[in-house]
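Protein chains: 2
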Amino acid sequence: MTNKVLIIEDDPALRNSIVQTLELEELEPIPTNGFVHARRTIRSNFRGVILTDIKMPDHSGFDVLRFVQSRDPDLPVIMVTGHSDVPTAMRAIKDGAYDYLEKPCDPDTLVDTLRRALDHRRLVLENREIRDELNQVAAPQDGTLAERMETHERDILEEALIAEDGKVSAAAIRLGIPRNTLYDRMAKYNLVAKAYRRTSD
Amino acid sequence: MTNKVLIIEDDPALRNSIVQTLELEELEPIPTNGFVHARRTIRSNFRGVILTDIKMPDHSGFDVLRFVQSRDPDLPVIMVTGHSDVPTAMRAIKDGAYDYLEKPCDPDTLVDTLRRALDHRRLVLENREIRDELNQVAAPQDGTLAERMETHERDILEEALIAEDGKVSAAAIRLGIPRNTLYDRMAKYNLVAKAYRRTSD
DNA sequence: TATATTTGTCCGAATTTTCGGAAAACATCG
DNA sequence: CGATGTTTTCCGAAAATTCGGACAAATATA
Chain A
1 MTNKVLIIED DPALRNSIVQ TLELEELEPI PTNGFVHARR TIRSNFRGVI LTDIKMPDHS
61 GFDVLRFVQS RDPDLPVIMV TGHSDVPTAM RAIKDGAYDY LEKPCDPDTL VDTLRRALDH
121 RRLVLENREI RDELNQVAAP QDGTLAERME THERDILEEA LIAEDGKVSA AAIRLGIPRN
181 TLYDRMAKYN LVAKAYRRTS D
Chain B
1 MTNKVLIIED DPALRNSIVQ TLELEELEPI PTNGFVHARR TIRSNFRGVI LTDIKMPDHS
61 GFDVLRFVQS RDPDLPVIMV TGHSDVPTAM RAIKDGAYDY LEKPCDPDTL VDTLRRALDH
121 RRLVLENREI RDELNQVAAP QDGTLAERME THERDILEEA LIAEDGKVSA AAIRLGIPRN
181 TLYDRMAKYN LVAKAYRRTS D
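Keeping their order, the protein sequence lines are chains A and B. Residue numbering for the first sequence follows this note's numbering, beginning at 1 and increasing consecutively. Residue numbering for the second sequence follows this note's numbering, beginning at 1 and increasing consecutively.
There could be a bad hint or two in this list.
What the hints assert, rightly or not - Computed beta-carbon distance windows for the label pairs:
1. M149(B) / L134(A): 17 to 27 Å
2. V36(A) / I162(B): 34 to 44 Å
3. L134(A) / H83(B): 43 to 53 Å
4. N33(B) / D10(A): 48 to 58 Å
Claimed, not checked - Computed list of chain B residues with no C-beta within reach of chain A, every gap over 12 Å:
5. H59
6. F62
7. L65
8. Y98
Hints are computed from structural coordinates only; laboratory data are not their basis. As the structure is a prediction and not an experimental result, all values here were calculated from the model. Every residue, glycine too, gets a C-beta built ideally from N, C-alpha and C.
Can you build the whole structure from these sequences, using the hints too?
This is how it looks when you write it as structure tokens:
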């Protein structure tokens with residue numbers, strides 16, 4: 001599941017309160033007290049989002065934002081600003097933060113916002129995975145004509161055998177070739193009909 | 001582009017103000033004064049999001065929400081609630097609204113929220129398109145073994161010819177077969193080398 | 001158990017495919 | 001134009017594939 005929330009917040013009280021809220025909502029908080037501890041978790045395949053305070057003793061939330069964007073520009077960062085600090089919030093969005101929250105943040109709003117961000121993250125990751133899959137199947141192959149034709153024939157034969165539950169005669173009909181020919185082809189690829197039977201291995 | 005915003009708002013003044021704001025932000029507002037006019041635009045392939053007022057004379061924003069969800073559960077609806085009407089806003093989210101805005105809404109917040117929703121929409125549609133594509137290529141084919149082998153061989157030959165700029169000799173080497181054989185195969189599919197030359201048609 | 005159907009294997013003739021060699025057709029260039 | 005290199009077509013023998021027929025073994029059906 002994509003429901004991790006990496007929390008970067010130096011105030012222990014606030015941090016714990018956030019953890020509590022998230023746990024009640026079936027989210028998976030990963031609390032850290034600063035950038036240093038959070039760094040290792042920030043990767044391009046992180047299945048979650050990042051919630052960071054802006055004002056922290058030894059670094060700014062904007063440092064976090066920059067770092068995250070260098071690792072993965074599509075990893076949502078939600079920034080927690082001081083109360084009604086509109087200019088900072090605007091700058092956060094402009095710099096590529098996914099959203100911002102005003103301190104003190106209302107638990108419902110916090111969860112809503114995180115859910116949206118998590119949903120966004122889930123979609124982005126899903127998208128990447130499907131794209132990879134598509135590229136794999138659509139990638140221009142290489143190799144001998146004979147080799148490629150053979151692998152393709154093998155695939156077709158297996159598909160037909162599976163579809164016909166390992167019955168060679170039926171598969172032959174499906175493929176529009178005489179039974180014997182199918183046996184010949186199968187011999188070439190060392191295919192055994194038995195291996196394709198669903199019922200009673 | 002996925003940047004349409006279907007606006008459902010009965011107050012002409014507010015509606016126009018929103019339209020103005022969106023136009024300045026390169027979004028594409030589609031203003032309507034009520035559900036009846038908006039209905040036709042709400043489809044599962046709508047490349048945008050919906051911004052609806054909740055309190056309207058002859059129907060509620062929740063009617064809109066229900067209708068939208070029946071057409072496409074992944075079509076974001078942003079609901080505009082009265083000032084600090086928290087319970088209604090919470091209900092909106094709970095019922096599946098993407099987000100809500102409090103009236104009177106700050107232009108920046110409005111735009112930010114819409115952008116997030118549009119981004120979400122874009123991802124959802126992209127996802128669907130890639131999935132369709134993937135299903136197409138992965139779909140179990142049918143037809144004679146010979147037919148399927150032939151179309152595959154044809155594809156390979158064309159791919160090789162394209163890769164070698166229509167040079168038969170080079171394509172033959174790439175495919176690991178003698179030139180003559182390639183000519184034979186090409187004759188079978190009525191392929192002409194000239195047709196695959198990039199340089200000087 | 002008797003009978004029918006299906007499976008897997010082998011054979012061999014008819015057919016198809018492969019592929020080297022040769023030559024015609026074409027293009028390029030000094 | 002003539003020399004040179006490439007593309008394309010044609011030929012035909014060697015090699016591979018197809019596929020009907022026959023049959024024993026395994027399975028299913030009555």
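>> Can you tell me whether the CB distance of M149(B) to L134(A) sits inside 17 to 27 Å?
In response: Since M149(B) and L134(A) have Cβ atoms about 24 Å apart, the given range 17 to 27 Å holds.
>> Quick check: does the Cβ-Cβ distance between L134(A) and H83(B) fall within 43 to 53 Å?
In response: holds, 47 Å
> At the C-beta level, are N33(B) and D10(A) separated by a distance inside 48 to 58 Å?
Replying inline: 50 Å Cβ-Cβ, so the 48 to 58 Å window holds.
>> Checking a non-interface call: every C-beta of chain A should be farther than 12 Å from the C-beta of L65(B). Is that right?
In response: holds, 16 Å
>> Is the claim that Y98(B) lies outside the interface with chain A correct, judged by CB distances over 12 Å?
In response: Per Cβ check, Y98(B) is inside 12 Å of chain A; nearest 7 Å; violated.
> Taking the minimum C-beta separation from F62(B) to chain A, is that value above 12 Å?
Replying inline: Non-interface label on F62(B) holds, nearest chain A Cβ at 17 Å vs cutoff 12 Å.
> Is the distance from the Cβ of V36(A) to the Cβ of I162(B) consistent with 34 to 44 Å?
Replying inline: Violated, since V36(A) and I162(B) (Cβ atoms, about 53 Å apart) do not stay within the stated range.
>> Over 12 Å from every CB of chain A: does H59(B) meet that, or does the non-interface label fail?
In response: Correct as stated: the minimum Cβ-Cβ distance to chain A is 25 Å, above 12 Å.
The structure does not agree with the numbered hints 2, 8 stated previously, though it agrees with the rest.
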